[in-house]
Amino acid sequence: TQCLFTLVIAPDTETLKLTEQQILFYHSTDFEVHRNWLAITHSLPVSKWYHENTSEWTLDYPPLFAWFEYSLSHVAQHFDKEMLVVQNLLYTSPATILFQRLSVIVTDIVFIYAVKECCRSVREEKGSKDLLGHPFFILAALLLWNFGLLIVDHIHFQYNGFLFGILLLSVARHLQGRHLEGALLFTVLLNLKHIYLYIAPAYGIFLLRSYCFTEDNTDGSVRWSSFSPVRLVALGSIVISVGALSFGPFIAMGQLPQVLSRLFPFKRGLCHAYWAPNVWALYNMVDKALSVLGVRLKLLDVAKLPKASMTGGLVQEFQHSILPSVSPSITLICTLLSIMPAVLSIWCRPRGARGFLRCLVVCALGSFMFGWHVHEKAILMAILPFSILAVESREDAGIFLMLTTTGHYSLFPLLFTAAELPIKVLLMLLFTLYSFTSLKKLFRGSLLNPLETTYLLGLVAVEILCEVVYPLSPWQHTMPFVPLLVTSVYCSLGVCYSFIRLYVSLLRQHGTDKHKQL
Amino acid sequence: MENWSLVSICVLFGLTARWAVSLNSYSGAGKPPMFGDYEAQRHWQEVTYNLPVHEWYFNTTDNNLNYWGLDYPPLTAYHSLLCAHVAKLINPDWVELHASRGHESYGHKLFMRATVLVADLLIYIPAVVLYSFYLSEGSNKKKVCTVLCILLYPGLILIDYGHFQYNSISLGLALWGVVVLGLGWDVLGSLAFVLSLNYKQMELYHSLPFFCYLLGKCFKQGLAGQGLFLLVKIAVTVLVTFALCWLPFLSDPGQILQVVHRLFPVGRGLFEDKVANTWCSLNVLIKIKTILSTDTQLYFRPVCLLLNDLPLPAIWFLQASTFSMLPLFLKDGLLVPYVVTSLAFLFFSIYLLSALEHCSEDKLRLGPYRRLLICMPRMDLGRVTKWKFYFSITAMAGLSFMSVALAPPAQLPDLFPLLVSVFSYLHFLGLLLYFNIVQIAEPPQSVRKNQKKSN
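Chains as they are written, first to last, in our numbering: chain G, 1 to 518; chain H, 519 to 973.
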């Protein structure tokens, strides 16, 4: 296994470096965001961190991440001191870019370690297989070479490798039965990026049910008498101490409301500028279609419709013209409703760590489907943990292929320059080809039905249409948003379908368990 | 996993590496008035598109041969013409006579890089795949690994996609020649090689093995019967191909002479910008200045074909050849691609081809050396070789680092390029000697196999 990991790990770092080298001239706004945070945490006292707003990219991650940026800034000053000046908005220099890229690569070590741990926990059948056919090799490749992660982290610039590394490590610890460590890691993660609150219910219910109650009754239901207060206290103290470390200074300074307002800015619109392929994209689409239809059929007056909906475009505030508008609270309720059955399922019939993992994926996907202002990068929160399940079960592999291919394709609009087109196409082909052939070989046979295969092949048509045909057509100037719309809507069909299938498989398992004890 | 999927993955990976390197700087970027090889290629598109054929190789008012005059055979010119037609469709400014001189833009760079990729994909890469599968030995896994390692060879990637050239076309055509000859189709093989020769005259260095092999084959089949027929067929093919390539120039002997004069500029200086050429290093030792300049790529490409049989020496040679071009890469601003591709190549090839495990005296065919070192019977030559390899790679890394980080002393401004040159030359000498000894000492097998190995 040692040389296996050397084989798998090193290619990953090489690829990372490879992609790094080509981006030395290009960086996105996220780059400026993180540079700004380095500057804020380095140059200003702690009390000013969440009040600072010289730049529009204010600190909107929890305090632990700010501390992380603070420690990075101490290394940054040896590369280029100018990047740490808050007033140097949009400052770039080769040294700055190099430092930022290197920081992502170095923190990815956490991710690599987490992948190693996950691979250790994977179940596999006995029997000799060549190296390429081992489930843990396939899992390692699927995680380390995950197209989405490569694109988002190394071309677009974020610390997702680092954060997902912590998430996967936490999952691995739970799979290995080391629950306290898993809980600690998750709390740390939560204090680094609060988007993981969406999967907190899975953690909370699982730990409460399977960790705090040490035994179950013979029929699988909870044995109330086996409640262990010690364990609950242990968990509680972990959560509180990490929280104290992170938020403590700000609570002491009475800045908690300010911090929270920065963390949860609900002023942004229902959909991100590029619509994430979720339910609301479909909702918007239906609304738009109905309004166009209404105007055509003279049922509606063009003048009375909200401006944004007819001009289309990438406006963040998308007002609905026909269907009722959606507010943040509605999205929250929808999200909670969508994850409720899964969470209840692991309370009533816990299936150990794997049941927890499935519930986690469902929570992540549910929040992606119904959340407020979801970014399409969030699909990775579902795809990465799901990879573990995909190498263990045939049905999961089928859903995984569907979800991954559509999810990854929906990331294409993030890279829009001509220079990046070959890179994203090549990497996407690489990953898709590998995932299909390796999982097919592992489970000996076709994993998708013809309809699904046709849908996925349709992605090729969508890509050609959006990137080649449409830009050369006359509508490119009048309606430039159409490719994005088509991509979003087409992908959301795939993502919704995967969500439904995942739920069906979860509930079916729940049903079988119920049958078992009858 | 099936072969086709593994090979596709290797090819995709190779393409990704190539495009990633493409996004870096090119030769002569932002360096007027002469710029570099990139501008030369663009200029040739301009010349071939706008001027009539009989002016391409001549010094006229419209065509100043001192500014990157055409000095490759006609096939390069035709290829430039084809690219120019495409360029004209996208943006006529790129090939505007005179006005486009020194043109540099984002779109143009993408276009030029795309032309290299397309040529590579159509010619070189299929040849590599076919070679690995039909002409090399070993399990399917080994063949796939060979494909990957050949495709990852940094020297070609950096020169073609970094510095900017179209070596993949000439080398690819030559490789097609090898593959086709290996399959027994001699006429087609000679056709492919003649095309390769007509793309870059440097392929002349490969012509000897081709010639010897084919002549030998004719002799073997008996000059009285089949052999003569084959000889005639090949001769006719070669002549006809040459005639077709040079057709526009055949009308006037002056044309032919001028082209030949451009291809083999005996009057010009030698050390034009090519580093680590053998002769440059020789010059330091014996001050010979009358030998024609060479291009090191000739030596390294065929060695790729030995990756399967003698992985460690082949990898060593290939890495040395990449290292030898370090000063050129530094000049072009390609340090990071150089480091990354070298590391990737070394890692993948050593791991996938188990180069360090197949390091016994037997596997390395060090028999002749054993006989030479009769005085030291205890020495394990296999281990010695391994350690020499480690030392060599470390030295290369060290020299690379020094070339970048340190400034040379004032009285020796070319110290580092010279050190790189000499170091590489010693490697080439040693390894070529080794390959030749192995070749000669080989027990007589089929002539075909031997000829392949000599390539």
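Any given hint might turn out to be false.
Said to hold, decoys possible - Computed far set for chain H versus chain G, every beta-carbon distance over 10 Å:
1. Ile527
2. Leu530
3. Thr579
4. Asn584
5. Ser618
6. Lys659
7. Pro845
What the hints assert, rightly or not - Listed next, with one range per pair, are the computed distances between beta-carbon atoms:
8. Asp611/H x Val46/G: 54 to 60 Å
9. Tyr596/H x Leu457/G: 34 to 40 Å
10. Leu874/H x Ala95/G: 36 to 42 Å
11. Val922/H x Val230/G: 55 to 61 Å
12. Val46/G x Val922/H: 48 to 54 Å
The set of hints was computed from the structure by calculation and includes no laboratory data. Glycine included, C-beta positions come from ideal geometry on N, C-alpha and C.
Now the hints, each set against the structure:
no.: 1; hint: Ile527; verdict: violated (6 Å)
no.: 2; hint: Leu530; verdict: violated (5 Å)
no.: 3; hint: Thr579; verdict: holds (37 Å)
no.: 4; hint: Asn584; verdict: holds (33 Å)
no.: 5; hint: Ser618; verdict: holds (20 Å)
no.: 6; hint: Lys659; verdict: violated (8 Å)
no.: 7; hint: Pro845; verdict: holds (19 Å)
no.: 8; hint: Asp611/H x Val46/G: 54 to 60 Å; verdict: holds (55 Å)
no.: 9; hint: Tyr596/H x Leu457/G: 34 to 40 Å; verdict: holds (38 Å)
no.: 10; hint: Leu874/H x Ala95/G: 36 to 42 Å; verdict: holds (37 Å)
no.: 11; hint: Val922/H x Val230/G: 55 to 61 Å; verdict: holds (59 Å)
no.: 12; hint: Val46/G x Val922/H: 48 to 54 Å; verdict: violated (40 Å)
Checked against the numbered hints given earlier, this structure breaks hints 1, 2, 6 and 12; the rest are met.
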